[in-house]
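Student: What follows is each chain in one-letter form.
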Amino acid sequence: MVENRPFFTFLSHFIVLVGVLIVFFPVWMTFVASTHDQATMLRAPVPLLPGTHLIENYRTVLLEGYGQRFGSNPMLHTLINSMIMALGVAIGKIAISIIAAFAIVYFRFPARMFFFWAIFVTLMLPVEIRIVPTYGVVASLGMLDSYAGLIIPVIASATATFLFRQFFLSVPDELAEAARVDGASPMRFFWDILLPMSRTSIAALFVIQFIYGWNQYLWPLLITTKESYYTMVMTVSRQANVVDSVPSWNLLMAMAMLAMLPPVLVVVFMQRLFVRGLVETEK
Amino acid sequence: MEKRVTFDNRLLPYLLLAPQIVVTLVFFFWPTAQAIWQSVLIEDAFGGNSRFVWFENFERLFNDPGYYASVRLTVVFSFLVAGLGLALSLLFAVMADRVIRGAETYKTFLIWPYAVAPAVAGVLWGFLFNPSIGIVAWMLQGVGIEFNYVINGNQALLLVVLASVWTQLSYNFLFFLAGLQSIPRSLIEAAAIDGAGPGRRFWDIVFPLLSPTGFFLLVINVIYAFIGTFGVISSLTQGGPGRATEILVYKVYNDGFRGQDLGGSAAQSVLMMIVLVLLTFVQFRFIERRVHY
Chain A
1 MVENRPFFTF
11 LSHFIVLVGV
21 LIVFFPVWMT
31 FVASTHDQAT
41 MLRAPVPLLP
51 GTHLIENYRT
61 VLLEGYGQRF
71 GSNPMLHTLI
81 NSMIMALGVA
91 IGKIAISIIA
101 AFAIVYFRFP
111 ARMFFFWAIF
121 VTLMLPVEIR
131 IVPTYGVVAS
141 LGMLDSYAGL
151 IIPVIASATA
161 TFLFRQFFLS
171 VPDELAEAAR
181 VDGASPMRFF
191 WDILLPMSRT
201 SIAALFVIQF
211 IYGWNQYLWP
221 LLITTKESYY
231 TMVMTVSRQA
241 NVVDSVPSWN
251 LLMAMAMLAM
261 LPPVLVVVFM
271 QRLFVRGLVE
281 TEK
Chain B
1 MEKRVTFDNR
11 LLPYLLLAPQ
21 IVVTLVFFFW
31 PTAQAIWQSV
41 LIEDAFGGNS
51 RFVWFENFER
61 LFNDPGYYAS
71 VRLTVVFSFL
81 VAGLGLALSL
91 LFAVMADRVI
101 RGAETYKTFL
111 IWPYAVAPAV
121 AGVLWGFLFN
131 PSIGIVAWML
141 QGVGIEFNYV
151 INGNQALLLV
161 VLASVWTQLS
171 YNFLFFLAGL
181 QSIPRSLIEA
191 AAIDGAGPGR
201 RFWDIVFPLL
211 SPTGFFLLVI
221 NVIYAFIGTF
231 GVISSLTQGG
241 PGRATEILVY
251 KVYNDGFRGQ
261 DLGGSAAQSV
271 LMMIVLVLLT
281 FVQFRFIERR
291 VHY
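Heads up: the protein sequence lines correspond to chains A and B, in order.
So the first sequence is numbered by the numbering used here: it starts at 1 and just counts up by one.
So the second sequence is numbered by the numbering used here: it starts at 1 and just counts up by one.
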């Protein structure tokens, strides 16, 4: 701070605190709702402080699901699906893009720039706007209701390839030169030198892609018809839209908490990597 | 930029590229081509009977007042989401940057909503404003405002905007804070010595230096409002009541999957693709300039 203005400093703290409160409030209310019983959550005003049904609600949701009438897939299973999808997307994306970036940066071959641009254009068009034909393609490949169908179409994007390309370009040429002089094969160079050097970039990207995969919504909503393949985020949204005469807000909000918790924990505990990944993928 | 030292191998680079190229071909180029192809066909919803109709689908769109309504709505919605989101996050970032003690703590408290899926954010905000038990709706009723987003279109739009801004706030905040922290302190100090107050320093020094970040975020936020808010709308209003919150990306989905109007939906996809390509182009042009800034 340049000069000392106690009132202005106080005002700054105050405004940021208001921001923090705005950000926290919806989640606090969700948490509170998930700790009460059903009857409490049907009367306005709803309580502002947590109740005593926390363990009971979460146990019900995890082991039995929301309610019998809409099918009752235990959320434990749905959480595992989300985890499989998030990990699959993160690992898949990193794996295919790191080798593609390696090829583009470290080799000269015909049509190199053509491939580069072919990957590049995917940056521009997210799956949401070509959702109908993509669904058709996945259906005709018989990939509806499968983990492959959940994961593979989502990993077709160029962000990760570009990140690795940028990183590889910043690696000193001397390393590749030395490897060549010593007679190392390209793959040997990749495994023993490039990959270890990329560790931080890989970790940062993993954090971002894990969140991206976990939070996929429209795609799993479309291609899954069996509950055994539902993911957490889409289940919460689906359930919220079911017109229910006596809604179980307590259970729905417990499900919402479960859908938020893993990615939020990742951001909080891997903040440094998260920030780095976010900044790098947007370069 | 190119590498000076490369490896020689005829087959290997193609093998390395193959997985990504295959995935891109099958799940990107094929569907995109199909979208373009479908946009010039009229298809029977039940059989494979389709007719080549040139640009009839586009003509139909351009003669459809509903489409223009959705375009207008999307523009208003993007303006609100980007405007409100950028203004709030800039305010918070400037304030957090001022308080050196605690800035990092505030950052931790403000960035985690990034991890909340828009679809889940929609559920959360729907709960707060639920007409029968929502705490905010109840409080508004206490001061005489009847808030029912299920039947009131403007209120539904407002709620969708709020939930969308909430989700995007942390992203904007993070980039604004990084931008602020990269402004040399000496500039601010020099201005302060010359007698410029905090407001003057902000508008004459900080704001211009922050404008590249601001412009970058503007493009990102507009793209987010166009596409990323799908989950919010789907969870909260599903485009309703009526068509009060049916922005273009939701209309593509609604017409294609619910209305079974494949040609019309594909034509909308193609138009959106063009807009997005233009936006991305603007973004890249700008990023190139930012490097020389």
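Simulated from the structure, these hints should not be mistaken for lab results.
Owing to the predicted nature of the structure, the values given are computational and were not obtained by experimental measurement.
C-beta atoms are modelled at their ideal positions from N, C-alpha and C, and glycine is treated no differently.
Errors might be hidden in some of the hints.
Pairwise CB distance ranges, derived in the manner of DEER restraints [unchecked claim]:
#1 ASP37(A) - PHE257(B): 31 to 41 Å
#2 VAL22(B) - HIS77(A): 29 to 39 Å
#3 GLU177(A) - TRP54(B): 53 to 63 Å
#4 VAL121(A) - VAL143(B): 43 to 53 Å
#5 VAL150(B) - GLN166(A): 12 to 22 Å
#6 ARG101(B) - VAL121(A): 45 to 55 Å
#7 THR52(A) - PHE62(B): 58 to 68 Å
A few chain B residues that don't get close to chain A, going by computed Cβ distances all over 12 Å [said to hold, decoys possible]:
#8 VAL22
#9 GLU59
#10 PHE62
#11 PHE79
#12 GLY83
Student: Now tell me if each hint is right for this structure.
Tutor: Status of the hints after comparison with the structure:
1. At about 37 Å, the CB distance of ASP37(A) to PHE257(B) agrees with the hint of 31 to 41 Å.
2. Judged by the Cβ atoms, the range 29 to 39 Å given for VAL22(B) and HIS77(A) holds: they are separated by roughly 31 Å.
3. In this structure the supplied range 53 to 63 Å holds for GLU177(A) paired with TRP54(B), their Cβ-Cβ distance being about 57 Å.
4. A beta carbon spacing of about 52 Å between VAL121(A) and VAL143(B) agrees with the range 43 to 53 Å that was offered as a hint.
5. One distance hint, 12 to 22 Å for the beta-carbon pair VAL150(B) and GLN166(A), is violated here, with the actual separation near 47 Å.
6. At roughly 47 Å, the beta carbons of ARG101(B) and VAL121(A) sit within the given window of 45 to 55 Å.
7. At about 59 Å, the beta-carbon gap between THR52(A) and PHE62(B) stays in the expected band of 58 to 68 Å.
8. Against the 12 Å criterion, VAL22(B) falls within the reach of chain A, whose nearest CB is about 9 Å from its own CB.
9. Every CB of chain A is more than 12 Å from the CB of GLU59(B) (nearest about 20 Å), matching its label as outside the interface.
10. Every C-beta of chain A lies more than 12 Å from that of PHE62(B), the closest at about 18 Å, which supports listing it as non-interface.
11. Distance to chain A confirms PHE79(B) as a non-interface residue, since its nearest Cβ pair spans about 20 Å, more than 12 Å.
12. Non-interface status of GLY83(B) relative to chain A is upheld: no Cβ of that chain comes within 12 Å, the nearest being about 17 Å off.
The structure does not agree with the numbered hints 5 and 8 stated previously, though it agrees with the rest.
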